[in-house]
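Visitor: Once you have looked at the hints, place chain B on chain A.
Here the protein sequences come in this chain order: A and B. At position 8 of the first sequence (counting the first as 1) the number is 35 in the working numbering, and the numbers step up by one without a gap. At position 182 of the second sequence (counting the first as 1) the number is 209 in the working numbering, and the numbers step up by one without a gap.
Hints listed in this document are in silico derivations from the structure and should not be mistaken for laboratory results.
Where chains are identical, the list cannot tell them apart; a pair therefore holds if satisfied intra-copy or between any two copies.
Derived DMTMM-like pairs (lysine to aspartate or glutamate); straight-line CA-CA distance at most 25 Å: (1) K201 to E283; (2) K75 to E146; (3) K175 to D217; (4) K243 to D166; (5) K96 to D110; (6) K243 to D110; (7) K109 to D136; (8) K204 to E283; (9) K204 to D244; (10) K96 to E203; (11) K109 to D244; (12) K75 to D186; (13) K78 to D186; (14) K243 to E108; (15) K109 to E283; (16) K243 to D217; (17) K78 to E146; (18) K75 to E270; (19) K96 to D208; (20) K243 to D208; (21) K163 to D217.
Protein chains: 2
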Amino acid sequence: MCVPGCHEAVHRALSRRGFFLKTAAVAAAAGAASLSTPLPRAFAQERKFSKAVDLTHTTWPEFPTFFNKVQLEIENLTTLEKDGFNTRKWHIMEHTGTHMDAPYHFSNDKESADRIPVESLVAPLAVINISDRAAKDPDAQLTAEDIKAWESKNGALPDRCCVAMNSGWDQHVKTEKFRNDMHFPGFHPDAIELLLTRNAVGIAVDTLSLDYGQSKDFKVHYSWLPAGRWGIEAVANLGQVPETGATVVIGGPKIEGATGGPTRVIALV
Amino acid sequence: MCVPGCHEAVHRALSRRGFFLKTAAVAAAAGAASLSTPLPRAFAQERKFSKAVDLTHTTWPEFPTFFNKVQLEIENLTTLEKDGFNTRKWHIMEHTGTHMDAPYHFSNDKESADRIPVESLVAPLAVINISDRAAKDPDAQLTAEDIKAWESKNGALPDRCCVAMNSGWDQHVKTEKFRNDMHFPGFHPDAIELLLTRNAVGIAVDTLSLDYGQSKDFKVHYSWLPAGRWGIEAVANLGQVPETGATVVIGGPKIEGATGGPTRVIALV
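The shape of chain A in the complex, shown without the other chains:
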């Protein structure tokens, strides 16, 4: 499943996991929420909306993938003409198209996708736009400084929010530029260190990975997911939602033990 060098890289990263897990533990001790924090039934504030924006790409068999391999095959089972109704079967790797990374993707003792509480799947959405920088440099990363700049403008990140990186990369989904020989934007580990001290429940990127394409150690995956938070990869249309004020609904898979899976992501504005 892994491209050359990938297994070795994740093993090197694994040996450094202690540091990140410690960071996460410190954050938890400091009172930051994780998915397992007991939740109130109701949100802190009533939420309002008057339109919906689809943040999901259509997935087709050759949708670009991290490992550059086809991850979806579709088998026709019945047809309207022959059988009276159309049905199909998917053979699909969980991390395909617009999809979730559940905490269990990188941690055996954290939530699989089906076990994430629904209250954590409906979250205030903070969109951080780094598209100008990404247009000039495909290796751009969303940093702690970007989060602080967002907060200077919009106030503190909302409680239990999702922080989304808008790098403008969604527009490349149908071209080679989307994978771009593994040069695409992602979160910088220092942004994750900051977010672990906040009440963010999830992060989202409009690229193929929470870590930027050139990451060799997957620090973002190894610090964020084992802290009991989720990630969404390959979201679309972040340019159509405001940088603050929307609510995102994560239509993640509820298949037992899922490490993640295709996810319908809808913003309510």
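Guide: Relative to the frame of chain A, chain B by itself:
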């Protein structure tokens, strides 16, 4: 794929499709919305909520199915111990677990799941409770009279709503009683005839089929889906939401050409 007698039944039903399509055409001509009706960007009214309720069952490989065959196999691809991260592959029939029936499931010229406009996936939720009747009679059906009774109590069905049948059947999902040798509740065709004259975009059931288990002609499927509306089967927890006032978000699959698929259904209350 089909149980004995099923193909024959759907073919008989197909030969009667003319009637139902005509009904749908009349409804459309009368001005009722279908999914393809041009939509305003914003909802008619601002919507509010303060909590989320998950209307989705967890799906496991032996989740009960209409055809009584296993429809989900899960293949482990990588593990945290060996590879540094957990990933899996699903081999899944589209109509498994809590899932969508897209219009294309029963009509070649109507929307596949990926083509349903997002505005139709966020809908006011009307819950009609027939659980007392269903407890006494597993062949109970939600009728036009039930809809009229709901409207007498709650006012006209909201514009572009989803009408959900709460038969209490979700509680049986882990037992034989869920499929119950094809004795379970569903919508009655006369309810669909009425709904086709209203602005409902979708219907939902807490059982294995939009039609009741004993249906021999699948009239509900053949009249509702070709009219460009969607259905959701095997929803859960309808008893936890009010009969009016909630919004349902349909986290349906956005896989190209999908006849339906596993769907995260979340009510905002």
